[in-house]
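Colleague: From first to last, the protein sequence lines are chains E and X.
Residue numbers for the first sequence follow my numbering, so the first one is 1 and each next one is one higher.
Residue numbers for the second sequence follow my numbering, so the first one is 1 and each next one is one higher.
It is worth saying that the hints were derived from the structure and are not from the lab.
Because the structure is a prediction, the values reported are computed rather than measured.
All C-beta atoms, glycine included, are put in the ideal place defined by N, C-alpha and C.
Warning: the hint list may mix true and false statements.
What follows is a list of derived Cβ distance ranges for each label pair [said to hold, decoys possible]:
id: 1; chain 1: X; residue 1: R565; chain 2: E; residue 2: R301; range: 46 to 52 Å
id: 2; chain 1: E; residue 1: M30; chain 2: X; residue 2: H564; range: 54 to 60 Å
id: 3; chain 1: X; residue 1: Q41; chain 2: E; residue 2: E296; range: 33 to 39 Å
id: 4; chain 1: E; residue 1: A280; chain 2: X; residue 2: R565; range: 40 to 46 Å
id: 5; chain 1: X; residue 1: Q41; chain 2: E; residue 2: R304; range: 29 to 35 Å
id: 6; chain 1: X; residue 1: A563; chain 2: E; residue 2: A280; range: 41 to 47 Å
If you want the building blocks of each chain, they are given just below.
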Amino acid sequence: MSAAAEATAAPGPEGAAGGGGEPFWTPDDMAALGRLSVLARKLAPSLWRGRRRARRVGGGSELVDTRPYALGDDPRQIAWHVYARLEKLVVRVRADEMPLRVALVVDASASMGFGRPSKLRQAARVAAGLAAVALAADDRVAAVVAGPEAGALATSGGRAALPKLLAWLGALRPEGRADLARAAAAASAAARGRALCVFVSDFLCPEGALLGPRAARARGHDVALVQVLDASELDPDDPGDVDLEDGETGELITLRAGAALAAYRAALAEHQAALEAGAAELGAPLLAVRADEPFEEVVGRAMRRGLLRAGGAR
Amino acid sequence: MNLAAPAFLAALGLLLPVAAAFLVKQRRRIVRVPSTLLWRQAALARSKNRRLRDLHKLLALAACLLGVAALALAAARPSFGRAPASLVFVVDVSASMDAGGRTSPLARARAELSKFVARRPGGHRYAVVAAGAAPLALAGLTDSDDALAGAVAGLRAERGTADLGAAVRLASALVAGEPGGRVVVFTDGVERAGDLASESTVPLTQRHLATPALDNVGLVSLSLHTPRDSAGAGERDLRASVATSSARERRVRVVVSSGGAELARRVLTLRPQGESDLSLRVEAAGAELRARVEPDDGLPDVLAGDDEASVTDEAVELPRAWLFQHPPPAPDEGDKAESPDAFFVRKALEAAGVRDVQALSYRSGARWAEIRPNDLVVTVGNLAPYRRFSAPTLFVGASAGQVPVPGLASIDRESGRTRLRSVESGDPLLEGVSLDEVTVEQAYATKTVPEGAKALVEFEGGAAVLRGGVGPDAWVYLGLVPTKSDVVLRVAFPVLVANAVSLLSGVRSHAVAETLPRSEVLLQSAPLAAVQPEPPPGWVPGFRPSTLLAMVAVALLGAEGLAHRKGRAQA
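The task is simple: from the sequences and hints, build the whole structure.
Modeller: Okay, here's the thing in structure tokens:
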């Protein structure tokens, strides 16, 4: 067996997201995450109060204007010092503040169990990071697993929700096939409104890599894509004279000797180009992550890709 | 199960390398990868999953093994559940079987037989009989392919007719008592259309090889007669009949020569499938005359054996003939008056060279005493004289009186049917005589052939022409009534009468050449009647076990190949 094949096959689909109880981040990572926020383009109305300033007038803390008092205005908003100076009743106008809804769709199909650490572990770590950033900024987070069944964790907010979310992510097991379109529908229901849907997957779906993101976009959500691939997928060795079995579908193919590696590389390049084009079409940032990539590098590239930004939420 | 070529079972040894090749191919290592999506462009073959692929491989292996085994078994030519059969192939080798060159009935019969012999199931034994003028067993019952192939290759057309009855009798004798005995007759059905099955003691099957519609011209009769009015002793009348099988009018050239010198050349026009007569007076005392027919219209002539005939003059003085007719002429008509039947017979006698023909009837009883043993008596009419004369007698159309044939019955055919069949075509009485296609309205025939007599021609299951006796007691019986048949309009009638005169008197006033019968020249083919229609064992091609096995093998290997190709195409 070649080195690449060994590397690919060794962890197998048993590579759970929990990673044997290891924490997702180091304390340094935690500190870095506290200074970030998720970049949102649009905010949807919400009953929950957040820290992101909306365009509409509301009960936020930030003063944006004043106007003459009208019957029915909240007397608490009357600017008494202006009345004292001008003897006119003027009320303060404040911007509304609401949270960003973030729906995390984590692919936990069998193919995500490959790699060392497994792709699912890296996917869970990225999802946990995004959740931590969002919760720290008083955003609301829902999580959905895309596996044989689309299980969802309902929307929650506040720092207290993070341990529960981390436990949920750590319990993910790679199995079966992922139906991203169904997961998108589940995410839509769990977010309880328009949200930013972040798909964390390897996007190696025979039915179509962007089926789920397109479904989410059609429901009015903003979309972001995080692709997690293993090093053995990005730069494999020549597999030699072997038959390959699909870890997810069980499909068996006999390779054409000699030309297999070149054909694979061409197919990978083509696949990545199509994914990027599809993401651009959806207006979604695409973040490609290696399964063994250090977390701080992932965070740095997420910021460059416009998924995260430094500073608090606005 | 019988195997004709069990040595081919050794090919079953090929199963081992086939199985080994499959097992080696199946031992490829399988590596699991997250997804094969991106590897598909490099795929040589794809299958849905490991279990399905194993099933496909198992099926492919089974198909290949079964295909190879079926091929080996097919080559061994098995026969299942069939008792060994003994078949005798009787092949008509008459002249008409050679018409048509490479597609002649004989060539087709040879090809079919070769194929049949090559596919002979194990345990079956065959024999080949050539049915010519005399039957000849070219191969006795044997299971040797070489002997049978040699016999089939030795089938050659003769320049005459075939005695199929004798051949069938010989064939049935060859398989008498053998298990599964059967006679299979290959014939164009030209010269005989009778009940061959009655000749065989074993089941008989006929393979009718229809003669193709071809252009042929040929001599159907050639004879020399001494004319009554000859000026010199060497003058002879040469009479020839030429017939054609063509569906269009033909023009032919008849060239008569003697000793290489051409004596005469005539052009005759023949109606479609008709014939034409030629009469020439030639100087031919003791000479051999040769007549040759050639197309004069540029159309083909497919049969060469009927184009030439030769005859040697052997004529001598014939005896006096007494022509007894009944009913006698009316008193007011005079002694020389004669019935139409008597007229035709007298003309035939004169044509045969009889110079002195005396009329007799019940009215001229006084002259009966003049009849001498060297004379010839000819009776015409349904009532023959009440006593036999001490002289050879020819009976024409008689049914009562002193007729030597018992049990005569009148057979009337208003529609003019033709059911005449020469059962002894080689008899001197029928030399140069073809009674096929003769239209008969009324004739007398008997089912009882008297002792010492010989039935020569059958009509509707009874004998219509017979002969018997010796010396002054010799007789010939013609059951045909001259005016109730068109035989008197044919050359056959004077030749038949001349033959009878020669036979009864012991001298010949005429010489007749050996020619092919009219039906052979006309290539008139008719299926045999009353033969058992069921085919012999293993006769139907395409359903023999070996063929079936070969087809199964090809189907299995083909299906495997197609599935393999489809898998690669999908990949």
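Colleague: Tell me the hint numbers this structure goes against, listed in increasing order.
Modeller: Failing hints: none at all.
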